Amino acid sequence: MPDITLKVNDATHTISAEARKTLADLLRDDLDLTGTHLGCEHGVCGACTVIVDGRAVRSCLMLAVQAAGTEVTTVEGLAPDDGLSTVQQAMWDSHSFQCGFCTPGFLMQASAFLNNHPDADERQIREALSGNICRCTGYQSIIEGVLLAAERNRQR
Amino acid sequence: MAGIVAERYTGASIKRSEDQRILTGAGRYVDDIKLPGMLHAAFVRSPLAHAQVLSVDVSAARALPGVVAVFTGAELEAMTVPGPDALMALMGWAGPTPQFTLLATDKVRFVGDPVVIVIADSRYVAEDGCELVEVEYDDLPPVANAAFALDPSSPPLFANLGDNIARLHSRKEYGDVSGAFASAERVMDFHIDVHRHQNVPMEGRGCVASYDADLGALTIHAATQSVHVSKIAVAMRLGMEQGKVRALAGDIGGSFGLKIGASREELAVAAASRELGRPVKWVEDRTENLTASGQAREESFAVRAAVSNDGDLLGLDVKAVVDTGAYPGMGAMVPDIMEAMLPGPYKLAALGFESTAVTTNKASYVAYRGPWASETFVRERVLDLIARDLGLDPLEIRLRNAAPRTDPPASMVTGRPLVGVTTRESLERIAQLVDIPAFRRRQAEARAQGRYLGIGVATFIEAAPGPREPGGPSGPMGLESMRLRLEEDGIVALFTGQMPHGQSHQTTLAQIAADEFGVPFEQVRVVVGDTDIVPFGLTGGSRSATMTGGVALHGARQLKAKVLDFASHLMEASAQDLVIADGYISVRGDPASAIAVGEVARQAASGDFDADVDAHLEVEAAFDGGEGGWSGGTHCATVEVDVETGIVTVERYVVAEDCGALINPAIVEGQIRGGVAQGIGAVLLERSAYDEYGNCQSATFMDYLVPTACEIPRIEIEHLETVPLDADVNFRGVGEGGMIVAPPTLVSAIEDALSPFGVRIYEQHLPPARILELIAASDSGQ
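As you go down the protein sequences, you meet chains A and B in turn.
Heads up: the first sequence begins at 58 in our numbering, then just goes up one per residue.
Heads up: the second sequence begins at 2 in our numbering, then just goes up one per residue.
Source of the hints: derived by calculation from the structure; they are not laboratory data.
Hints may be right or wrong, so weigh each one.
In silico BS3-like links for lysine-lysine, alpha-carbon gap of 27 Å or less [what the hints assert, rightly or not]: (1) A:Lys78 to A:Lys64; (2) B:Lys348 to A:Lys78; (3) A:Lys64 to B:Lys35.
Just so it is clear, the structure is predicted and the values come from calculations on it, not from any experiment.
Let's have the full structure, built from the sequences with the hints guiding it.
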């Protein structure tokens, strides 16, 4: 099994990984980062979204070996030491979620999207999040959370 | 984190206490559990809808390095006790009982039926092992639809039943049915179909079973709507004393009716853990979820309606067929609720109802958010079809037929009193919120430009909990229990059998108890998910708002009385003169006397009191639903149908609903919006599809389409809180209503949009291809 080295939430790890192991399974099983959830394992639902080198990717479709040499951020790495990130806080304030299973994917996708599109409007946010499935909320509370985060980011 | 400042928590959109862990990735779902020595299970599943199993060869799988055990259906049968489905047994099912095993032995009955369980060091290797299992099948004719199942020549799925009838529900009549039809000015006859679709929680089913051979005890970490039902199911099927089984649950990634008790796969995992003496995990993947977890709602209805020329619905005669799929359970029980609920909030004075539940070679019928909801679809469709024939407005026909609120209340012809039902108010509110004349003008202008807009309305009521029956010994949902304790750190702990999976009980129950007891919200802890410490309970049927909210309120009141009684000894004041506010007990009017409730609990625990002082600051509370009442409301949608592509866009969606007093408006609205979204998905996208051979055609999210943020509009919600019935507890359930009434609302709007083509709609699933077919088949569709 090849050894791979990658940086996850600012910590560097060297792990031997079977070639067929997904990045999601490496994060969950080898690094105990169980905040990343598997909702479909075929790249549709977005629950497993993590940020790799600044881009939101589906960790169920990326092999762990493909992540060698990258910097990965998972939901566990989103919050600053002193509380929640702007997106997390806005989602909390907006009652964005219910069961919480899709939550890490939405947080990662929304965080990556707002970094690149700070002035996004509701339509753009809906399109940006249309690759993430939530079965509980009807999305409105999630969209409101992202809009609130964008507004707070702009006011900073 | 700063404390929440509120005069009263109940009724305010308090931020959820669940979110701190959920937003940081610290939630603990069943797949996050890792136990020392834990193994992983995967299932070999049937590729055929209906077949005899001739032979099973597991030798190559057993020889694979990393595979620890492989159990065939016959081996697993020998490790377990035969018995009925635990949920059906709990619900008192008395019909013919099909005999089947946890894993298929002699035959398979649907594509996805589990045949062999492979247990290995990792899920990867367990799936490798599954690939090496050789099963030889002999095809049987598939019973792929209800029509064939009703044919006596269809091969029976269960030899001991002799045919494919799971349950006959014999005809019952309420009111003067023949009289209503004989005197009716119009009699309408039609057939209404509701298609198969399913729960699809983002987290599928799963469990970790862990058997301790020294203790002879099994712990099951479950994703379940009731840890106690899971425990009972495991104990029954494994032939264990209930006291030797413990079910635990953490966070649960949704369910919507799917995860009640323990499924056949979970029971097989538990049996394997006992056999091996090691923990075993199984978490289904999405394909297993879509093909094998269960599906809902495939029902058809032969409907006759007796109608006056003015649009009065005088009588209904309904013959239902329920397609229960392979292993009958919920689908055989649901017709009773349909029958009771069919009159809805209307004056309907005559109802005939009968039903047949049939077995077919498809995944089993499971409960899904308002399992009986098709009765609402049928009734609301009937009203729309009448209105269309008579040229009445959809609001007008409903106002005409809605039972007026009278004292004493009118009753449904099937029996239940419509006490406190505010259907009329919700219809009138919709008329205020949606300017229908303005919409009609816009609709006419759009049609002139070749664009097709439509408006639809539907109403529902839900027995959540339902009215107290006159003279009844207790409320309609039985009793709900809760244990409450004042801890030495000042925490008021609530132990509840509710098993939240998105409903936010840790927030809502804490709001109620904090207000009633007199502590800050943060000082209430809601304890769930452990059969060793929580009372029996089940999250489902929209019961928790009234039943658990009510027991939290009354239990906190009882605990407060007990604490004040004890504090009266400590503070040398009469209990009547003591108050609890913000976590402190003081003598009324003397703030300097204040003692923290935690200090009182510590004093109680010290034991320095006479034996006649009750220092046990804990109560067991029960609540019977009080005066109960109905949830209900009216939904209205406006849509645009693109008649070139068949695509339906929901422009606007407005809800006027009454769930009594709101505990937390943001949480209530989340429940409503989530239900509406599932209803929109059911109509426009979702279908558990099978071909004529019983092959599942919707095994991935590329084929089973669920709505995304781009398909669901903003949903406007108005709350009516019209009629308090109980002195204390007027919260009513709101979990299912959105899903119950959104499909008829949307279909009503689509039919209205297509009215220039003369389209009439008798079905629920309207993806673009079907819309185009309806237009093409219509009078003016060329």
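Quick rundown of the hints versus the structure:
Pair hint Lys78 of chain A plus Lys64 of chain A holds up; C-alpha atoms about 17 Å apart against a cutoff of 27 Å. As the CA atoms of Lys348 of chain B and Lys78 of chain A are separated by approximately 62 Å, the hinted pair breaks the 27 Å bound. For a cut-off of 27 Å, the pair hint linking Lys64 of chain A to Lys35 of chain B stands: about 24 Å separates their Cα positions.
In the structure shown, a violation is registered for the earlier hint numbered 2 alone.
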